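There are 2 protein chains.
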Amino acid sequence: MTSAPVLHESKSSPNSRRVRMFIAEKGISIPVQPVDLGAKEQFSDAYRAINPRSQVPALALADGPVIAEVLAIWRYLEETYPDTPLLGTTPQSKALVTMWERRAELDGFAPVMEGVRNAAAGLKDRALSGPHDYKQIPELVERSKQRVANFFNDFNERLATVRYVAGDAFSAADITTLATVDFAANALKMPIPESHDALRRWYDEVSARPSAKA
Amino acid sequence: MTSAPVLHESKSSPNSRRVRMFIAEKGISIPVQPVDLGAKEQFSDAYRAINPRSQVPALALADGPVIAEVLAIWRYLEETYPDTPLLGTTPQSKALVTMWERRAELDGFAPVMEGVRNAAAGLKDRALSGPHDYKQIPELVERSKQRVANFFNDFNERLATVRYVAGDAFSAADITTLATVDFAANALKMPIPESHDALRRWYDEVSARPSAKA
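Taken in sequence, the protein lines are chains R and X.
Counting from 1, one number per residue, gives the positions in the first sequence under UniProt numbering.
Counting from 1, one number per residue, gives the positions in the second sequence under UniProt numbering.
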């Protein structure tokens, strides 16, 4: 018998939300240990002993290592709890979920994060999360907004041809896209443009799922 | 019977190398269609019909869609040719390979690419690959070099405690790390520092594998 893993995460962290939604869609229950980012708890010695990179989320296995990085936590959960697959079911669909999830992250989620971190007054030397300090580059704020606008256009076009981001089935690609859309609206004040009918249709459907509240 | 997929790729593309090495480690053979990046063939109508994002590599399935993005091509190949696993074998090792491969990519490979693309005279409006144009940001060149130096430090520390990047077994995390080290040496003139014994020990071992020449 192994005891359960523990998820270290924060309600205010969009990356943590990607894992909470994944867990909610699976219908499983994982004990949670909140990390108070407002109080900079991620830089405490206690948290660095769990994740030396001072990032959330992180999944501490009961009798094994700590798994950090959203994609790695997802993979662990998908392999351990295979019911309600969210990373695809065939070689082809697993590849397509990987491809579309990655595009949502690199073209959408990462630019929102870049725009936020390079603008926030409290993050002058913390333009990138992780163990190293980097100064903000103000030019990146404007470029990030251009990238988010292009992401909205590209995903509106995609979702005019398919029900869900990776095709016929709800998947982790939808989770990252939903987290991106809400993060852009809240943190960059960039909601989905009114004219983007397909993206709005998809958003209404996906954000009505119970997991969206996780 | 399905016919074989075709890999569209370029000998000069470090991302293509990540797929070639994966294929070589598997000991499989995939037909290759070269894309001449020097002649800008990736922007031709013919290639855009294969990958509208004008990126290599891309794996065109014989009776299915085109799979783009290195991680997606890897996942397809791992599922289709499970012998010689390169993405882990247990839930825990699959998660750890995902985590370390991602760190190699986001902390190493991506900064080298960012440093190269923001400096190259021929890429003034092409600072990011993909379907959209973005202007170069000169400040990113210096920051990228700082990030690569930190990557060398972090991975030297990691490889002082393990044989391979993700642990005891050679994996896709080693492929991305090797592609990063060679890309940094060639394109940014940043070889592994002399003092980094553990990273050099690992490099000597991994670059002697036949797949390193792929």
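Treat the hints with care, since some could be wrong.
Given that identical chains are not distinguished, each listed pair holds provided it fits within a single copy or across any two copies.
Below, computed lysine-lysine pairings styled on DSS-like, alpha-carbon distance capped at 25 Å [said to hold, decoys possible]:
#1 K135 to K124
#2 K145 to K26
#3 K213 to K135
#4 K124 to K145
#5 K26 to K189
#6 K135 to K26
#7 K124 to K213
#8 K145 to K40
#9 K124 to K26
#10 K40 to K124
#11 K26 to K40
#12 K213 to K189
These are computed hints drawn from the structure, not numbers from a lab.
Here the structure is a predicted model, which means the values were calculated and not measured.
Practice problem: Check K124 against K26 for me: Cα-Cα at most 25 Å, and say if that holds within a copy, between copies, both or neither. | Solution: neither (38 Å within a copy, 45 Å between copies)
Self-check item: Intra- versus inter-subunit Cα pairing at 25 Å for K124 with K213
Solution: neither (32 Å within a copy, 43 Å between copies)
Quiz item: Should K40 paired with K124 be assigned to within, between, both, or neither, using CA atoms and 25 Å as the limit?
Solution: This pair counts as within: shortest intra-copy Cα distance 15 Å, inter-copy 39 Å.
Exercise. With 25 Å as the alpha-carbon cut-off, assign the pair K145 and K40 to within, between, both or neither.
Key: This pair counts as neither: shortest intra-copy Cα distance 27 Å, inter-copy 28 Å.
Quiz item: Should K213 paired with K135 be assigned to within, between, both, or neither, using CA atoms and 25 Å as the limit?
Solution: neither (34 Å within a copy, 38 Å between copies)
Practice problem: Go through the copies and call it for K26 and K189: within, between, both or neither, with a Cα cutoff of 25 Å. | Solution: Neither: 31 Å inside a chain and 47 Å across chains, both beyond 25 Å.
Quiz prompt | Homomeric proximity label, K26 with K40: Cα distance no greater than 25 Å | solution = neither (31 Å within a copy, 45 Å between copies)
Practice problem: With 25 Å as the alpha-carbon cut-off, assign the pair K213 and K189 to within, between, both or neither. | Solution: Close inside one copy (20 Å), not across copies (48 Å); limit 25 Å.
Quiz prompt | K135 and K26: within-copy, between-copy, both or neither at 25 Å Cα | solution = Answer is neither; intra-copy 39 Å and inter-copy 42 Å both fail.
Exercise. Could you figure out if K124 and K145 sit no more than 25 Å apart (CA to CA) within one copy, between two copies, both or neither?
Key: both (19 Å within a copy, 19 Å between copies)
Practice problem: Can you give me the call for K145 and K26, within, between, both or neither, at a CA distance of at most 25 Å? | Solution: Answer is neither; intra-copy 33 Å and inter-copy 41 Å both fail.
Quiz item: Is it within, between, both or neither when you check K135 against K124 at 25 Å Cα-Cα?
Solution: For K135 and K124, the Cα distance is within 25 Å both inside one copy (6 Å) and across copies (23 Å).
When each numbered hint is compared with the structure, violations occur for hints 2, 3, 5, 6, 7, 8, 9, 11.
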